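So the protein sequences, as listed, match chains X and V.
Note that our numbering has the first sequence beginning at 1, numbered continuously upward.
Note that our numbering has the second sequence beginning at 203, numbered continuously upward.
Simulated from the structure, these hints should not be mistaken for lab results.
Since we're looking at a predicted model, the values are computed, not measured.
Be aware that one or more of the hints could be misleading.
In the DMTMM-like style, the derived pairs of lysine to aspartate or glutamate whose C-alpha atoms are separated by at most 20 angstroms in a straight line are [what the hints assert, rightly or not]:
1) Lys290(V) / Glu137(X)
2) Lys175(X) / Asp401(V)
3) Lys290(V) / Asp78(X)
4) Lys175(X) / Glu402(V)
Below, each chain spelled out in residue letters.
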Amino acid sequence: METLATLFSIAVTYAIINNVVLSQFLGICPFLGVSKKTETASGMGLAVIFVIGIASFVTGLINQFILANEALLNLGIDLRYLKTIVFILVIASLVQFVEMFLKKSMPALYESLGVFLPLITTNCAVLGVALNAITYEYNLLETVVYGLATAVGFFIAIVLMAGIREKIEYNDIPKPFQGTAIVLVTAALMSIAFMGFSGMNI
Amino acid sequence: MNKYTERLFNGIIKENPTFVLMLGMCPTLAVTTSAINGLGMGLSTTVVLVFANLLISIFRKKIPDGVRIPAFIVIVASLVTIVEFLMKAYFQALSDSLGVYIPLIVVNCIILGRAESYASKNGPVESMFDGIGMGLGFTLGLTCIGIIREVLGNGSFFDMPILTDLGFTPIATFARAPGAFLVLAFLVAGMNIVRKKMDEKGKPLAKPSGCITGDCANCTSKCADEKK
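Required output: the full structure, derived from the provided sequences and hints.
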């Protein structure tokens with residue numbers, strides 16, 4: 001039961017309280033760029049959940065069995081310093097691989113997520129999750145839950161933002177604030193709202 | 203003005219990555235809670251940028267075109283790892299407060315963007331100066347935003363309590379997440395006004411590239427197309 005409680009606390013903390021976009025500033029690019037329509041925003045959000053889910057599992061495996069391998073560490077070989085290089089390459093090739101796989105075997109899913117996949121390689125949230133999981137010393141299961149929770153947090157933030165942007169499209173905004181500036185003001189207000197959750201004690 | 207000072211001027215003023223090109227938004231928002239953090243992040247990015255530009259420019263004829271992006275990423279990631287360890291060794295406090303954003307320099311648009319649009323087409327010395335210019339421009343941007351947020355959010359300037367001594371109550375929100383978005387929003391709005399003025403004068407500023415324009419497909423190809 002202890003583990004289940006830990007997992008639940010990780011999930012709630014990173015999906016809502018420490019929201020990836022609104023309080024950690026990871027994945028700002030797609031958050032500002034792909035949030036014009038709710039449909040595309042939810043497509044992007046789903047693609048991020050999909051990629052981070054796979055990527056956190058794979059990078060977790062690599063970390064546990066290769067980089068921080070007990071046997072190697074006992075031999076005095078510490079490969080952990082390679083984490084940044086290994087993870088960015090693994091994530092970049094993983095996204096390519098997932099894209100090819102989806103195109104070949106799941107055309108329906110590819111239709112809905114395909115266009116977003118290349119955008120995700122340079123998304124700092126994916127690399128950030130992989131690196132943070134090591135800093136927080138999560139085990140494999142916790143890493144995957146942490147990754148998925150972060151991605152769900154991203155989904156919530158980007159879909160909410162898209163909903164608000166669809167509304168403010170019809171508002172009379174001062175000229176200099178049109179475009180990105182008003183989106184950033186909106187993000188600031190959303191961030192204040194999400195700060196309210198930080199009082200939650202889990 | 204010779205071509206080296208031209209590169210420096212270009213990076214710091216004409217195509218300033220923060221104010222004009224609006225690149226590298228993740229670190230711009232995340233680490234500017236205080237002026238010293240902004241400065242530290244800017245300088246570490248500068249170091250990576252200078253050496254990445256130098257190495258990529260040296261190897262530009264050896265790297266096959268088809269695998270150039272992965273090759274650039276490996277070079278940048280190695281440099282970032284070195285910088286990360288140097289900071290852990292010599293600037294422990296700064297390294298702790300910047301945290302995961304140091305390794306995330308790898309995915310910073312500015313670095314791959316400059317590699318693709320400048321260093322892979324020009325000689326090593328020019329590329330180095332381009333890196334210094336762009337890096338210092340980025341440092342300037344981050345430090346300015348850091349100063350604004352620190353003064354408003356903490357009442358201090360580089361950790362010197364200047365405003366709190368005068369009886370000013372800091373607005374803590376500015377040092378936290380919402381303040382970052384708010385300060386950047388006003389910065390973008392201000393730049394929109396400047397941009398319009400410069401357009402009317404007939405001296406248009408360089409277009410913003412990267413995520414802020416809504417096209418985050420990949421900064422590399424976009425920058426490359428625009429700069430030629």
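Going down the list of hints, with the structure as the test:
| no. | hint | in the structure |
| --- | --- | --- |
| 1 | Lys290(V) / Glu137(X) | 18 angstroms, holds |
| 2 | Lys175(X) / Asp401(V) | 15 angstroms, holds |
| 3 | Lys290(V) / Asp78(X) | 17 angstroms, holds |
| 4 | Lys175(X) / Glu402(V) | 16 angstroms, holds |
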